[in-house]
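Q: Sequence:
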Amino acid sequence: PIVVFIAGTALVLPYLARVHTPAVEMGLRNMLETAPPNAIILGAPDEFYFGMNYLQGAVGLRTDVAVITNGQLGLAYYRERVRQRTGIVIERPDSADEKLSVTIAEQALATRRRVFIDGYQLHVAQSFPLVPFGLLYEVLPRGSNPPPIEDVFELNKRLYEAYRFGYTF
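Numbering (our numbering), first residue to last: 1 to 169.
Please note that a few of the clues may not be correct.
So the derived label-pair ranges between C-beta atoms look like this [what the hints assert, rightly or not]:
| no. | residue 1 | residue 2 | range |
| --- | --- | --- | --- |
| 1 | Ala110 | Val59 | 28 to 34 Å |
| 2 | Glu25 | Asp64 | 17 to 23 Å |
| 3 | Glu91 | Phe153 | 35 to 41 Å |
| 4 | Met26 | Lys157 | 15 to 21 Å |
Straight-line Cα separation of at most 25 Å, SDA-like style, residue types lysine to any residue; simulated pairs [as the list claims (entries may be wrong)]:
| no. | residue 1 | residue 2 |
| --- | --- | --- |
| 5 | Lys157 | Asn145 |
| 6 | Lys99 | Leu73 |
| 7 | Lys157 | Leu135 |
| 8 | Lys157 | Tyr120 |
Derived by calculation from the structure, the hints in this document are not laboratory data. None of the values given here were measured: they were computed from a predicted structure. A virtual CB, placed ideally from N, CA and C, is assigned to each residue, including glycine.
Make a model of the complete structure from these sequences and hints.
A: Written out as C-alpha cells, the structure reads:
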C-alpha cells in the first residue's frame, strides 16, 4: 500500500495504491521481449516513450528494437538519433494535413525490418494492412494480404502465454 505521512501520522491511500501497479512496465516489457529481432515500433504516449527508454537504456532490454515515438519528433536531436539507428530520415511536416506517421511507416517498411504500431497510430492503421501482434499491430506493406485468421489466433495465443504481468490475478 501507499503510505503518506502527514503531521507525523501515517495514512494508507488505498485508492492511490490501486493505480500504482507494474502493469505499464510489464506491458512495455512484454512488447519488447516478444518483438522480432531488429523490429521497429512506432508509439505515441509519454509512458510508451519514457518506459521504453528506461527499459532499453537503463535495463538494457532488447536494444536491437528501434522505438520511435511521435511526441519526440519535433526535436532535431531525436530525429537524428532515429536516423542513426534506422536510416529513416524524418522531416517535420509542412502542413497539418501531412501525415508524418504514415511517411515514417513507409520508410520503416522500406528498411525491410518488421514494423509495429501501438493502438494510437490511427493514420498508419488507416493506410496499411495490419495484423494483431500481442499488444501491438504489425504493419504490412500496402497491397499485402494478412495471414489466415487461424494463424493470427495461434500467434497471439503464444504471445499472450509468454507475457508476464508482475502480479497475481
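Q: Determine for every hint whether it applies to the structure shown.
A: We went through each hint and held it up to the structure:
{"no.": "1", "hint": "Ala110 to Val59: 28 to 34 Å", "verdict": "holds (30 Å)"}
{"no.": "2", "hint": "Glu25 to Asp64: 17 to 23 Å", "verdict": "holds (20 Å)"}
{"no.": "3", "hint": "Glu91 to Phe153: 35 to 41 Å", "verdict": "holds (39 Å)"}
{"no.": "4", "hint": "Met26 to Lys157: 15 to 21 Å", "verdict": "holds (19 Å)"}
{"no.": "5", "hint": "Lys157 to Asn145", "verdict": "holds (21 Å)"}
{"no.": "6", "hint": "Lys99 to Leu73", "verdict": "holds (13 Å)"}
{"no.": "7", "hint": "Lys157 to Leu135", "verdict": "holds (12 Å)"}
{"no.": "8", "hint": "Lys157 to Tyr120", "verdict": "holds (23 Å)"}
Figure legend: structure checked against the earlier numbered hints; every hint is met.
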